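Novice: One line per chain: the protein sequences are A and B, in this order. Mind the numbering: the first sequence is residues 1 to 156 in full-length UniProt numbering, read in order. Mind the numbering: the second sequence is residues 1 to 166 in full-length UniProt numbering, read in order.
None of these hints come from the bench; they were simulated from the model. These numbers come from a predicted model, not from an experiment. Glycine included, C-beta positions come from ideal geometry on N, C-alpha and C. One or more hints might be untrue.
As the list claims (entries may be wrong) - If you only want the chain A side, here are some residues facing chain B, beta carbon under 10 angstroms, derived:
| no. | residue |
| --- | --- |
| 1 | I8 |
| 2 | T10 |
| 3 | S14 |
| 4 | Y17 |
| 5 | K133 |
| 6 | L143 |
| 7 | V146 |
| 8 | M147 |
Stated by the list, open to error - Label-pair ranges, simulated between beta-carbon atoms:
| no. | chain 1 | residue 1 | chain 2 | residue 2 | range |
| --- | --- | --- | --- | --- | --- |
| 9 | B | A65 | A | P119 | 22 to 32 angstroms |
| 10 | A | Q36 | B | A37 | 49 to 59 angstroms |
| 11 | A | K15 | B | V136 | 21 to 31 angstroms |
| 12 | A | L30 | B | N116 | 33 to 43 angstroms |
| 13 | A | G91 | B | T142 | 21 to 31 angstroms |
Unchecked claim - Okay, the calculated bits of chain A under chain B, using three or more residues with CB under 8 angstroms as the criterion:
| no. | segment |
| --- | --- |
| 14 | 48–55 |
| 15 | 71–80 |
One-letter residues, chain by chain:
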Amino acid sequence: MRFQTSDIDTYQQSKAYVDTMLVPLLPVALDDDLRQKVAMGEYISLVTMEMEKQFRGRLMQLPPLMYLSSESVTEIGERLGVWADAFKKDGKNHVIWMTSDPALKQLENQVPGLLLWIPHLPIEHLDPNYRSKTIRDQMQQLLPDVMAEWRKEDSL
Amino acid sequence: MSEKNHNVSRRQFLTYTLMGVGGFMGAAMVMPMVRFAVDPILQADAAGDMNELTALSDLTEEPQAFSLTYEVEDGWVTQTMEDTVWAYLSGDEVVALSPTCTHLGCTVNFGGDENNPDQFFCPCHFGRFEIDGTNVPGTPPTEPLHRYDTEIRDGVIYVGRPQPQQ
Numbered sequence: 001m002r003f004q005t006s007d008i009d010t011y012q013q014s015k016a017y018v019d020t021m022l023v024p025l026l027p028v029a030l031d032d033d034l035r036q037k038v039a040m041g042e043y044i045s046l047v048t049m050e051m052e053k054q055f056r057g058r059l060m061q062l063p064p065l066m067y068l069s070s071e072s073v074t075e076i077g078e079r080l081g082v083w084a085d086a087f088k089k090d091g092k093n094h095v096i097w098m099t100s101d102p103a104l105k106q107l108e109n110q111v112p113g114l115l116l117w118i119p120h121l122p123i124e125h126l127d128p129n130y131r132s133k134t135i136r137d138q139m140q141q142l143l144p145d146v147m148a149e150w151r152k153e154d155s156l
Numbered sequence: 001m002s003e004k005n006h007n008v009s010r011r012q013f014l015t016y017t018l019m020g021v022g023g024f025m026g027a028a029m030v031m032p033m034v035r036f037a038v039d040p041i042l043q044a045d046a047a048g049d050m051n052e053l054t055a056l057s058d059l060t061e062e063p064q065a066f067s068l069t070y071e072v073e074d075g076w077v078t079q080t081m082e083d084t085v086w087a088y089l090s091g092d093e094v095v096a097l098s099p100t101c102t103h104l105g106c107t108v109n110f111g112g113d114e115n116n117p118d119q120f121f122c123p124c125h126f127g128r129f130e131i132d133g134t135n136v137p138g139t140p141p142t143e144p145l146h147r148y149d150t151e152i153r154d155g156v157i158y159v160g161r162p163q164p165q166q
């Protein structure tokens, strides 16, 4: 489900079934590296959308969580911890963080929930048909990780 | 030459003329309104167009996933959408099912559950469906998978929009 009014009624009726939050993480900095940041953000948004399509009944996709590229990884990790605590209080058992940022890869084993680090592919140069196929293939590779996360009773 | 000798009096003639002209004017106003009111029905017809899925010879008794592309017009923008369709042959009959779980809309897979290789499986809440789309009692879904209308022309399968099965 998405964070939009048309999905919220369904969410409220079936809250007990939606136990996972899906949060894309987007780095922002208006520096020389801007293009790379935008490309990473675009890619991660597309993969997140595809994941929402696949598992829409069990997860709630939140708007992207932005952070400054200048922030330290520890700070970002702590912030994700705060969010995870809040989700846990609301009865959610899982969080899936989506990122392409190489700097965040080291958080993989530190943050609560599942941090999926997906290397960014330059799909903006691809033909539109081939683009959606690439995204879907990428998604297929992530499925086992998500299933493994769900096998844990409670990961937060 | 008194008025009495005419079949139609001047007064009657004017009345008829006014009624006739008024009728046309009324119709001219009401017709577009009716056209607008009926428009959704005509539109629904257009959206019910059949789209090419695959060649009939590609189908087997085992359900396979085929991708279906179709165009959706939204205002002035035409978007190409892509859906997955699970299709197989049941005797001579073509069965095409939508992969959208009838519980909360996740995507189901055929044989996704090792313990039930002949069923559709929803990974979200472990909903299961028989090969014909019937939901397995005791799992979350409460109605069968939606089924596409199919049509075969020159060995090619065309499908419409998915419809609920009774």
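Novice: Tell me, which hint numbers fail for this structure?
Specialist: Of the numbered hints given earlier, those the structure breaks are 1, 12, 15, listed in rising order.
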